[in-house]
Amino acid sequence: MLKHRLIALILLREGKVVQSVQFKHTNAIHYDPVHALESFNRWAIDEIVVLNVARNDKDAKELPATVQRISRSCFVPLTAGGWIRSVDDARQLLARGADKVVLNTAAFDRPELISELARQFGNQCIVVSIDAQTSDDGGEVVVVDRGRRPTGTKVVDWARQAEERGAGEILLNSIPHDGKRRGYHLDLLRSVSEAVNIPLIAMGGVLRWEHLAQGITEAGADAVAAANIFHYTEHSSKKAKRYLLNKGLNFRQL
Amino acid sequence: MIAIVDYGTGNLQSVRNALLFSRPDLRVDIIGRADELQAYRKIILPGVGAIGPAIAKIRTLGFDRALQKAADDGSQILGICLGMQLLATRSFEYGEHPALDLIPGSVRSLSEIAPTLRIPHIGWNEVRSTHKDPLLETIDKEMDFYFVHSFHFEPDNPDHILGETCYGASFVSMLRRDNIWGLQFHPEKSQAQGLALLNNFSRLEA
Numbered sequence: 001m002l003k004h005r006l007i008a009l010i011l012l013r014e015g016k017v018v019q020s021v022q023f024k025h026t027n028a029i030h031y032d033p034v035h036a037l038e039s040f041n042r043w044a045i046d047e048i049v050v051l052n053v054a055r056n057d058k059d060a061k062e063l064p065a066t067v068q069r070i071s072r073s074c075f076v077p078l079t080a081g082g083w084i085r086s087v088d089d090a091r092q093l094l095a096r097g098a099d100k101v102v103l104n105t106a107a108f109d110r111p112e113l114i115s116e117l118a119r120q121f122g123n124q125c126i127v128v129s130i131d132a133q134t135s136d137d138g139g140e141v142v143v144v145d146r147g148r149r150p151t152g153t154k155v156v157d158w159a160r161q162a163e164e165r166g167a168g169e170i171l172l173n174s175i176p177h178d179g180k181r182r183g184y185h186l187d188l189l190r191s192v193s194e195a196v197n198i199p200l201i202a203m204g205g206v207l208r209w210e211h212l213a214q215g216i217t218e219a220g221a222d223a224v225a226a227a228n229i230f231h232y233t234e235h236s237s238k239k240a241k242r243y244l245l246n247k248g249l250n251f252r253q254l
Numbered sequence: 001m002i003a004i005v006d007y008g009t010g011n012l013q014s015v016r017n018a019l020l021f022s023r024p025d026l027r028v029d030i031i032g033r034a035d036e037l038q039a040y041r042k043i044i045l046p047g048v049g050a051i052g053p054a055i056a057k058i059r060t061l062g063f064d065r066a067l068q069k070a071a072d073d074g075s076q077i078l079g080i081c082l083g084m085q086l087l088a089t090r091s092f093e094y095g096e097h098p099a100l101d102l103i104p105g106s107v108r109s110l111s112e113i114a115p116t117l118r119i120p121h122i123g124w125n126e127v128r129s130t131h132k133d134p135l136l137e138t139i140d141k142e143m144d145f146y147f148v149h150s151f152h153f154e155p156d157n158p159d160h161i162l163g164e165t166c167y168g169a170s171f172v173s174m175l176r177r178d179n180i181w182g183l184q185f186h187p188e189k190s191q192a193q194g195l196a197l198l199n200n201f202s203r204l205e206a
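Chains Z and U supply the protein sequences, listed in that same order. Under our numbering, the very last position in the first sequence is 254; numbers go up by exactly one each time. Under our numbering, the very last position in the second sequence is 206; numbers go up by exactly one each time.
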């Protein structure tokens, strides 16, 4: 039977690993992403996602080289993204060791990009990342441009459209929950999990291992991701994995 | 000395990295020209992506004939994921595509066997080996490997099945016909057990 996945996110800016608190990427944690990867204890994490949160695409041009360095010591699936706007951008990352690519703003602005990439590389290769903000009426709407441009589109509608266009997975983050240590936005995750038939990765707000479990048991996510939390304590990914297995959840054994 | 076939798609570097992790001294070459393939007795056909563009590129580059010749000459060939599916007679991924026909069989949509489950089948799942094989030396009979695929290989001859995995129903996740192996999962992304499997391939006796 298919296992759930424990995913570590590495956020990069100017070649450094940074923390995210409500999409403000300020504190550099590790100078070198390869060291970050190794400190994650790669044998307990089931997948690594590297996201370039650069402010401009000039800085983002370093991503393929960074992916290449990371991939040399990464023997779990590696997903990469940030500033992907064309088939060629995606191909550069895949050629340098990424297994999948993550799209966000460019896919929203031009949804055909999802289909173009799916046709070229298969839909299992395409992760569409969605950042959600709670609107005044309590609905969840899509925000793009690293949390700076609200679109007014409902998250569930965009998730469905992304699936129809050929997305293989959805990575869903909630801006009010991001870096705020109060757990995932479970209602948001549940609504998307029920709306689409592709795997859903939960992201945003994990402080305790219990939050990871909630993503699976209460929100119906297929995979659970965290970023900041894996930097705080030694062997954190191993402890997280042990917690999830002890809960009787169906993860890959340590 | 191992050749990794480069036909313009697929993640070549990670397979190479995984081989070198166990044996840093191993020579692993990424080969983009079909005429260079004859120098190798171990060949890996990797791949991610869609089969239509892949098989078209393989034919354009002449790798279809070069791989047939290598198979006939007894070279050891390992197909991984899409590379395994390329070994089939035909594939029904978005239409019908004749493939390399090195292991007789058809590639069909996983949705036929798992109509209620999410497709693609992404993640770690258990592989149960059905036979002993030198490729599986030191690897547990039931072990988690990493999968990413929407299609699966149905061999014409059940004797070619080497391992199975359950996703809705059972499908074939490992194949062997003589000197040709196929793996539906990604050993290069399956941590310790996957690294061990690739190490075994590099050490198979000719």
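Treat the hints as calculated values from the structure; they're not laboratory data. Given the structure is predicted, the values throughout are model-derived calculations rather than measurements. Check each hint, because a few of them may be wrong.
[To be verified] FRET-style restraints, in silico, Cβ to Cβ:
hint, chain 1, residue 1, chain 2, residue 2, range
1, Z, E218, U, A206, 38 to 46 Å
2, U, R90, Z, D136, 54 to 62 Å
3, Z, S73, U, R59, 48 to 56 Å
4, Z, R149, U, G74, 58 to 66 Å
5, Z, R148, U, Y94, 34 to 42 Å
6, Z, T153, U, K141, 46 to 54 Å
7, Z, G248, U, K141, 19 to 27 Å
8, Z, G138, U, A56, 32 to 40 Å
9, Z, G138, U, E137, 56 to 64 Å
10, U, K69, Z, R148, 38 to 46 Å
11, Z, E194, U, S170, 27 to 35 Å
12, U, A192, Z, D32, 23 to 31 Å
13, Z, G248, U, L117, 29 to 37 Å
[Claimed, not checked] Quick partial rundown of chain U residues pointing at chain Z, CB under 8 Å, derived from the structure:
hint, residue
14, A18
15, I122
16, Y167
17, L195
18, A196
Glycine included, C-beta positions come from ideal geometry on N, C-alpha and C.
Cross-check of the supplied hints:
1. The hint said 38 to 46 Å for the Cβ distance between Z:E218 and U:A206, and at roughly 54 Å that hint is violated.
2. In this structure, U:R90 and Z:D136 meet the distance hint of 54 to 62 Å, their C-beta atoms being roughly 55 Å apart.
3. One distance hint, 48 to 56 Å for the beta-carbon pair Z:S73 and U:R59, is violated here, with the actual separation near 35 Å.
4. A hinted range of 58 to 66 Å holds for the C-beta pair Z:R149 and U:G74, which are about 60 Å apart.
5. A hinted range of 34 to 42 Å for the beta carbons of Z:R148 and U:Y94 is consistent with their spacing of about 38 Å.
6. Checked against the hint of 46 to 54 Å, the C-beta distance between Z:T153 and U:K141 comes to roughly 49 Å, which is consistent with it.
7. Distance hint check: the CB atoms of Z:G248 and U:K141 are about 23 Å apart, consistent with the given range 19 to 27 Å.
8. Range check, Z:G138 to U:A56: Cβ separation about 50 Å, and the 32 to 40 Å hint is violated.
9. Roughly 58 Å separates the CB atoms of Z:G138 and U:E137, a value that falls within the hinted 56 to 64 Å.
10. As the Cβ distance of U:K69 to Z:R148 is approximately 57 Å, the hint placing it in 38 to 46 Å is violated.
11. Judged by the Cβ atoms, the range 27 to 35 Å given for Z:E194 and U:S170 holds: they are separated by roughly 28 Å.
12. Between U:A192 and Z:D32 the beta carbon distance is about 24 Å. The supplied range of 23 to 31 Å therefore holds.
13. The hinted window of 29 to 37 Å between Z:G248 and U:L117 is violated, with their beta carbons roughly 21 Å apart.
14. Using the Cβ-Cβ criterion of 8 Å, the hint placing U:A18 at the interface with chain Z is satisfied: the shortest such distance is roughly 6 Å.
15. Taking 8 Å as the C-beta contact cut-off toward chain Z, the hint placing U:I122 at the interface holds, the least distance being around 6 Å.
16. Evaluation of the U:Y167 hint against chain Z yields a held restraint, the C-beta minimum of about 6 Å falling below 8 Å.
17. Interface hint status for U:L195: upheld, as the beta-carbon distance to the closest one in chain Z is roughly 6 Å, under 8 Å.
18. For U:A196, the interface hint is violated, since its Cβ never comes within 8 Å of a Cβ in chain Z; the closest pair sits about 11 Å apart.
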